[in-house]
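> Residue numbers (our numbering), protein chains in the order written: chain A, 1 to 273; chain B, 1 to 340; chain C, 1 to 324.
No wet-lab data here; the hints were simulated from the structure.
Honestly, I wouldn't trust all of these hints.
Said to hold, decoys possible - With a cut-off of at most 16 Å between alpha-carbon atoms, the simulated EDC-like pairs for lysine to aspartate or glutamate come out as follows:
#1 K148/B - E135/B
#2 K286/B - E68/A
#3 K337/B - E315/B
#4 K284/B - E202/A
#5 K284/B - D226/A
#6 K337/B - D312/B
#7 K77/B - D40/B
#8 K140/B - D125/B
#9 K286/B - E202/A
#10 K88/C - D76/C
#11 K88/A - E68/A
#12 K77/B - E112/B
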Amino acid sequence: MSSECMQPLIRVESVSKYYRHRRILSSGHIVHALNGVSLSVAPRSTLALVGESGSGKSTLALCLACLERPSSGTIWFGGRDIAALDEKQMRAVRPQVQLIFQDPASSLNPRFTALEIVTEPLVLQRRWKGRQTRERGFALLERVGLSAEMASRRAGEFSGGQKQRLAIARALSLEPKILILDEALSALDCSAQARITNLLLELQSSFALTYLFITHDLAMAAHIADEIAVMNRGRIVEQGVPQKLLDSPEHEATRCLVTATPQSIMTSRISGA
Amino acid sequence: MATSRHFSMRTGDFEAVLEVRNLHVAYLSRASVPSSVIVDVSFDVRSGEIVGVLGESGSGKTTLAASLLRLLPSNGKIQHGSITFQGQDVLQAEPRELESLRGKRIALINQEPSVALHPTMRVSDQVDEVLAAHEHLSRKARRERLQKVLAALFPTETERISSSYPHQLSGGQRQRVLIAQAIACGPSLLIADEPTASLDPATQREILSVFENVRRRFGVAIIFITHNPSLLAGLADRILVLYAGRVAEFGPAENVLFHSLHPYTRALLACLPPPYGTSAVNRKTKLPVIAGASPNVDFLTLGCRFEPRCEDRFERCRTSEPVAVSLANEHGVSCFKFGR
Amino acid sequence: MRFILRRLAHAAFLMFGASILTFLFASLAPGDYFDEMRLNTQIAPETILALRAQYQLDRPLPERYLRWIDSVIHGDLGYSFSYNSPVKPLLLVRARNTFFLTLTATLLTWGLALPLGVRSAEYLGRLPDSLISWTMAALLVIPELALALGLLLFAARSRWFPTGEMVSVDFSSLSPVHKLQDLVLHMTLPLLALVLTALPLLVRHVRAAIADVLEAPFMLAARGHGIPRHRLLYRYALPAAANPLISLFGFSIGALLSGSLLVEVVMGWPGLGPLLVEAILSRDLYLVIGGVLLSTLFLVIGNLIADLLLYWADPRIHADLVAK
């Protein structure tokens, strides 16, 4: 099943985003967070977005999730340009594109219980009745590996890995088509990272999800992604399958990332530097 | 290569800068039932070597770092054991002696760089404060020393950085300032707790080489605490693996990383995405994970703490805790698979 | 620099607005200075009218305001009916007296509040903190009026302290040392009243600000560097906790002329307060306006100083947002 044959789920065309730093009595200077970014993500696939800090990855994520509006360009999703929607229309689109953040501690209210967190979106959507909502909440928690007894515990008591599972469960409650993971694993230990990665792989097949996996961990990106796009200073400088990118990187930025990855240091030391 | 220097030497050839024996640290909760966070930890650090402490969250690594300088919070207590630094007993030291130990002979970097620096003091002032606290030098001499330290860490742009405030610096630069503060008074031991946690790979690599340089130039011994094994490859001379507050394994870096003995170490290293993992795994398939949950400090168990999640466990593991066994090449492990 | 200019422009604008409002309200209050005279049947209505015309009280409001502004710019604050003298020298003398009192009080209050607050925060929850906090709470509960009256009573009964006035009648004939002693004796009780009322709130603020900062990671890091305790508190914690305290300091300066009104009136200190009260009661228009405006000026200056201090003390406030 090659991804080229299918219609891309989301297509970004020449998206740019400028921030203007204003000062009184001067025109201020412009920060180009995104500078003509184009990419497309095939359905049920994983695209990894890698790059240094400040390369624009998170800005792109915010634009895709309709939390920021691009200064120019189009984003095709579900048959329309979501960059050009008004607030009301955007609210209808947002459930379909969900964002998981790096720091679960600040994206989850520590005083809410797990069940409350997971059912809050359902309650707000008013699609289900009381008891059904609770049942659905329990089912979601179980699906991400949190047992029923954890449902009544407050989020503040959970470990990092558990918090991320909770964040994923909450995102899933809205039945999204695409999940954007913005450095979602970076704050976790190695073993927790492995477990959450496995969970994500499992969920991808059972919920038919598409992932945009933003990270600066090239090794993890290579393991989990169908394609990797490298960002540098607001542009996509190289894109391709992981094997090709790792074996023969073309762009300078890609090469820097490949050699900087701690994994590659390990490998080179093994081979006897 | 740096590590080979230690393989072929016997103990005693290198002077131990720090010796920790049978350390027990616990936190007293309100119910006044102490929960042991560090149990029977013993290791040593030799002059000029880099010891990596590998531990995940909950392993007790930060408590270990704090204990070495007796900087535990008010509910933490060192119950048992000894910490000897260059022959001096740290646990019996007077407060005045401790203050002269901290920052001057043992330096600690244990917070995120973005919050470990005073927000409204210039970089030069912050490093100068450390110098002023310990070195009784004339103002001129102090300024020279300050220049030297800052130049060592910021070979270009020394002036600009030195007059900047922390919020004007990048993450990597802030980390360098912390390192400058740490080495300003020429300590013999530097303890770094997750110094590269919030940095991107390129900056991480930079900071790792800064540590290597510092070791090479100033002969400082370094304890490098992290949860990421790949950071220690090529940096650490010896590695100590911490699990549930106990030493699982301790030995030369190459041995611990590539010929691990303890089941936990093996399982942990297998979790890493390839190309590293010890088992050959295909792309986009599940990674081998350590079954079960992280150890709960409040549970008092009789047996080995890793036993519930261990694939190689046997009956004995449930009833008694293994003690450290020293094998060839000074490679120690606490596991019943290796005798006793 | 741009920041400073902006603030100065704000301040000027504020003063201008205050002058209009003060003039308006004072003038619109029913009656004027000469109303008292109407009760006196011996004075003919025409005399009153003539007096009014002489002081231009019969002109329309905007005209009066413009004339007044014009004279203010030329340094003349108007004429006081009751004292039969220009307003400015009256105000200045009384303002000076008030300054003596409030400046000393402010310095004392801050001088006490900082160490007390720091000590309280350092020993948070323990004995020193409890002692200080309870004492402050008790002080907070006592109304300023009660305290002032109580002290006055004490002075009257014990005769250790004079009851009112700034200096004794024979002040000018005293030797310099005795002059100082006389001043101090007179100042002590009003000072006590002011300091004891202002202290509790300030100590609480200092305590809260420092306690917050003591938990910060950079404090732990500094401890790890072996920075001695005293330096940790005064070179690390206090500057980091300075922001809210600087704002309060600005208020302290702002209240230099206006905060002591009650104490002055009750305890008889010849400052701006009693003068203003009298002037208001007797509808001495220009004195009232002049006095209020002077107080406002100080409030504005106080805020300005606070802003400038904040700007200077915390480099993050004027940080550029240029990406590295």
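> Take a quick look at whether K337/B and D312/B sit within 16 Å of each other, Cα to Cα.
Between K337/B and D312/B the Cα gap is close to 8 Å, so the pair holds against 16 Å.
> Can the restraint linking K77/B and D40/B be considered satisfied, given a maximum Cα separation of 16 Å?
14 Å, holds
> Take a quick look at whether K148/B and E135/B sit within 16 Å of each other, Cα to Cα.
15 Å, holds
> For a C-alpha distance cap of 16 Å, please report whether K286/B and E68/A respect it.
Answer violated: K286/B to E68/A is near 34 Å, above 16 Å.
> Has the given pair, K284/B with E202/A, been kept, meaning a C-alpha gap of at most 16 Å?
10 Å, holds
> Starting from K77/B, check that the Cα of E112/B is at most 16 Å away, please.
Distance ~24 Å between K77/B and E112/B Cα, so the pair is violated.
> Is the straight-line distance between the alpha-carbon of K88/C and that of D76/C 16 Å or less?
Answer holds: K88/C to D76/C is near 7 Å, not above 16 Å.
> Sort out whether E202/A lies within 16 Å of K286/B, counting only the CA atoms.
9 Å, holds
> Tell me if the straight-line CA distance from K88/A to E68/A falls inside 16 Å.
Holds - the C-alpha atoms of E68/A and K88/A are around 14 Å apart, at most 16 Å.
> Would you check the hint for K337/B and E315/B, treating anything up to 16 Å between C-alpha atoms as holding?
Holds, because 12 Å separates the two Cα atoms, which is no more than 16 Å.
> When you check the alpha-carbon spacing of K284/B and D226/A, does it fall within 16 Å?
Judged against 16 Å, a Cα distance of about 8 Å means the pair holds.
> Within a Cα-Cα threshold of 16 Å, do K140/B and D125/B meet the stated pairing?
The hint holds at about 14 Å.
Checked against the numbered hints listed earlier, the structure breaks hints 2 and 12; every other hint is satisfied.
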